[in-house]
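**Student:** Hey, can you work out the whole structure from these sequences and the hints?
Protein chains: 2
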Amino acid sequence: MIFLKLLTPGPVEVPERVLKRCCQKVISHRSQDFRELLTSVVEKLKKLVKLDEDGAIAVLSGSGTTAVDAMIWSFVKPGDRVLVVVNGEFGERAADSAIRRGAQVEAIRAKEGDVVDVDTIVDRLENKNYDFVIVVQNETSMAVRYTFEELRKIGKVAQENGSLVLVDGVSGLAGDKVWFTDGVAAIAGCTHKAIAAPPGAAFVAISPEGAEIIRKRYSEDIPPALDLKRYIDKYDSVRETPFTPPITILYALEEALKIIVDEIGVENYIDIHVQRKHYFYNKIRHIDGLKPVPKNMKVASNTLAALWVENATLIQQELRKAGYIIATGIKEYKNKMIRIGLMGDINFKDLDIVVQVLEQSLTKQK
Amino acid sequence: MIFLKLLTPGPVEVPERVLKRCCQKVISHRSQDFRELLTSVVEKLKKLVKLDEDGAIAVLSGSGTTAVDAMIWSFVKPGDRVLVVVNGEFGERAADSAIRRGAQVEAIRAKEGDVVDVDTIVDRLENKNYDFVIVVQNETSMAVRYTFEELRKIGKVAQENGSLVLVDGVSGLAGDKVWFTDGVAAIAGCTHKAIAAPPGAAFVAISPEGAEIIRKRYSEDIPPALDLKRYIDKYDSVRETPFTPPITILYALEEALKIIVDEIGVENYIDIHVQRKHYFYNKIRHIDGLKPVPKNMKVASNTLAALWVENATLIQQELRKAGYIIATGIKEYKNKMIRIGLMGDINFKDLDIVVQVLEQSLTKQK
Chain A
71 MIFLKLLTPG PVEVPERVLK RCCQKVISHR SQDFRELLTS VVEKLKKLVK
121 LDEDGAIAVL SGSGTTAVDA MIWSFVKPGD RVLVVVNGEF GERAADSAIR
171 RGAQVEAIRA KEGDVVDVDT IVDRLENKNY DFVIVVQNET SMAVRYTFEE
221 LRKIGKVAQE NGSLVLVDGV SGLAGDKVWF TDGVAAIAGC THKAIAAPPG
271 AAFVAISPEG AEIIRKRYSE DIPPALDLKR YIDKYDSVRE TPFTPPITIL
321 YALEEALKII VDEIGVENYI DIHVQRKHYF YNKIRHIDGL KPVPKNMKVA
371 SNTLAALWVE NATLIQQELR KAGYIIATGI KEYKNKMIRI GLMGDINFKD
421 LDIVVQVLEQ SLTKQK
Chain B
71 MIFLKLLTPG PVEVPERVLK RCCQKVISHR SQDFRELLTS VVEKLKKLVK
121 LDEDGAIAVL SGSGTTAVDA MIWSFVKPGD RVLVVVNGEF GERAADSAIR
171 RGAQVEAIRA KEGDVVDVDT IVDRLENKNY DFVIVVQNET SMAVRYTFEE
221 LRKIGKVAQE NGSLVLVDGV SGLAGDKVWF TDGVAAIAGC THKAIAAPPG
271 AAFVAISPEG AEIIRKRYSE DIPPALDLKR YIDKYDSVRE TPFTPPITIL
321 YALEEALKII VDEIGVENYI DIHVQRKHYF YNKIRHIDGL KPVPKNMKVA
371 SNTLAALWVE NATLIQQELR KAGYIIATGI KEYKNKMIRI GLMGDINFKD
421 LDIVVQVLEQ SLTKQK
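If you read the sequences in order, they're chains A and B.
Residue numbering for the first sequence is 71 to 436, as defined by this note's numbering.
Residue numbering for the second sequence is 71 to 436, as defined by this note's numbering.
Calculated from the structure, these hints are not laboratory results.
On a predicted model such as this, the values are computed, not experimentally measured, just so you know.
Any given hint could turn out to be false.
Stated by the list, open to error - Below, a list of computed lysine to aspartate or glutamate pairs in the EDC-like style, where the Cα atoms sit at most 16 Å apart:
{"no.": "1", "chain 1": "A", "residue 1": "K114", "chain 2": "A", "residue 2": "E290"}
{"no.": "2", "chain 1": "B", "residue 1": "K198", "chain 2": "B", "residue 2": "E176"}
{"no.": "3", "chain 1": "A", "residue 1": "K328", "chain 2": "A", "residue 2": "E113"}
{"no.": "4", "chain 1": "A", "residue 1": "K368", "chain 2": "A", "residue 2": "E219"}
{"no.": "5", "chain 1": "B", "residue 1": "K391", "chain 2": "A", "residue 2": "D103"}
{"no.": "6", "chain 1": "A", "residue 1": "K147", "chain 2": "B", "residue 2": "D291"}
{"no.": "7", "chain 1": "A", "residue 1": "K361", "chain 2": "A", "residue 2": "D124"}
{"no.": "8", "chain 1": "A", "residue 1": "K95", "chain 2": "B", "residue 2": "D415"}
{"no.": "9", "chain 1": "B", "residue 1": "K95", "chain 2": "A", "residue 2": "E86"}
{"no.": "10", "chain 1": "B", "residue 1": "K95", "chain 2": "A", "residue 2": "E113"}
{"no.": "11", "chain 1": "A", "residue 1": "K223", "chain 2": "A", "residue 2": "E176"}
{"no.": "12", "chain 1": "B", "residue 1": "K90", "chain 2": "A", "residue 2": "E333"}
{"no.": "13", "chain 1": "A", "residue 1": "K95", "chain 2": "B", "residue 2": "D291"}
{"no.": "14", "chain 1": "B", "residue 1": "K368", "chain 2": "B", "residue 2": "D103"}
{"no.": "15", "chain 1": "A", "residue 1": "K391", "chain 2": "B", "residue 2": "E219"}
{"no.": "16", "chain 1": "A", "residue 1": "K90", "chain 2": "B", "residue 2": "D184"}
{"no.": "17", "chain 1": "B", "residue 1": "K147", "chain 2": "A", "residue 2": "D291"}
As the list claims (entries may be wrong) - Chain A residues, not near chain B, derived (Cβ > 12 Å throughout):
{"no.": "18", "residue": "V82"}
{"no.": "19", "residue": "K181"}
{"no.": "20", "residue": "V186"}
{"no.": "21", "residue": "V192"}
{"no.": "22", "residue": "D193"}
{"no.": "23", "residue": "R194"}
{"no.": "24", "residue": "Y351"}
The beta-carbon is built from N, C-alpha and C at its ideal position, and this holds for glycine as well.
**Tutor:** Written out as structure tokens, the structure reads:
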């Protein structure tokens, strides 16, 4: 097996010291040591998403999809009116999950490489009564994102109009300001994106108001494994998870969060991603035949860059020879788009090499 | 952190070489290397549960509960008539999941330390029209199990009466004959029980007939993360998972399965557990104040022993001092029962020490 450096939308290149923790012996999830591990993870995650002390964090065994599904199925009730903001594939998936839940779902869709304008969302929120608005903060299929200021505006207007915002923070969290603000009830995330730990654990961070809703909820119509009430209640009472957690992945998550929250600092860590984004897009600006997918830098994702190209799979192969694995577009964009992760244990030199290979590949194709 | 040897109902003591694989670098789940890893895991799992080549295995990111929920929610439709055989806590949980799914659930319950008699189950299957029978093959709350012969009989009668059997194989699989037989549509399992890998991955093994049902099913009313159709379709078409899998845990799972399937052999590996069971119960037979929970050795679990005691939490503490972590009873049995795992990287000497501590503890308590 040849290990390529991961420049994909996730999983990402995991720092050596984080990966090492995965080999630490397994402990019982009904022991004091585990309770301390889980509490440490929860407290650090709260700092990462700027959640009040009295907010709640449900730590699940699963992928980002598990977290998003658990969030949607635990908050949304069948028949609820839900607005889903769709900026690409993951917005569609959120809408699909809410439809499967039995909600009355309406979607507003963005143009390619853009996000739905916040004014459009505000207008809809002010004129219709939604129970929930679902927003994918960072959309990896198009490498576009909402800024924190936009998220705050959506949250504020949602709150004024009796809606709650559920945020799919999976691919933006830790690399962008995916933070709690008025109106945001929950943020879903996982280990293997900008946090840079191996895949296997996921979480839903819940505002104090959101936690109160979940605690009081009759939730006996969703699968136990996705029932956030179970997770909150168990953590409240004994600092444990209701079902067996992915213990070795939680060791890694704790280590990754130590780096981000305790050592580098949440805002500095985000800044690393912003710098990588600007560095990369600046470097490719003068290369003929490359066009950024995001319409401008404001909507451009911090954690992933995307470019329109003519032969994406060929470029992907050439980067593989150089030791890197990148992603191409999803579905109809498969051969038309390359997507390059800006997350994890990578550096500017890695991005330089990517740019170099891109340039050579385009020259050859001429 | 002091690492105690795990003699619990799971997670279990993981062999060094299995744990080591968890530190292997993360690969992309959309790469050829990953497809080979997943195929290897799937093929070995098929041998473990004696599943035909044309059966299917869905590999999920999650716990045993995730696998059981995915199985129940993907097979059972709202309104379906479901019989749940309840021999303890995990039977109750299966019934709860089916009720949440909207099924018409009937339960038959065993006496303490016993399983529901197979003739009773047969009688119910012959006289009522159930769509599904859910059986927890090994019930850890009471340390009781069904033999393969009993499972086969249930499956046969179910099949004759138009029912399908869904097996929660989580805590018995690999340590008992939790194998496919006529009438069994699916078996749910996970990494951190007798397979002896760290927690984080789960799976549902599905018979060829079961897979056909799932493939044709309209499943748009369950959470995507638990939708077995997604997993089967993705594996059928590209040998991948629909959502990010717990890659490092799958490395470990592959290593654990190599030991069981390729090196020791499935039946020999089961035999190790049978031997441990008899060794342990024989050793404690002459100690006053200890009584096995299972009513006889036929119903006694291969993977976990349980004893009635007077002061379970005290005994647990004393074993902790000796370097072992065991479990006490669940809920009302908390202080009345100790449960000792017979799974994972342990040996007869470990069981000797447990017996010694038990004996000393009971002498002190007199």
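**Student:** Go through the numbered hints given earlier and state which of them the structure violates, listing their numbers in rising order.
**Tutor:** 1, 7, 10, 11, 12, 13, 14, 15, 16, 18
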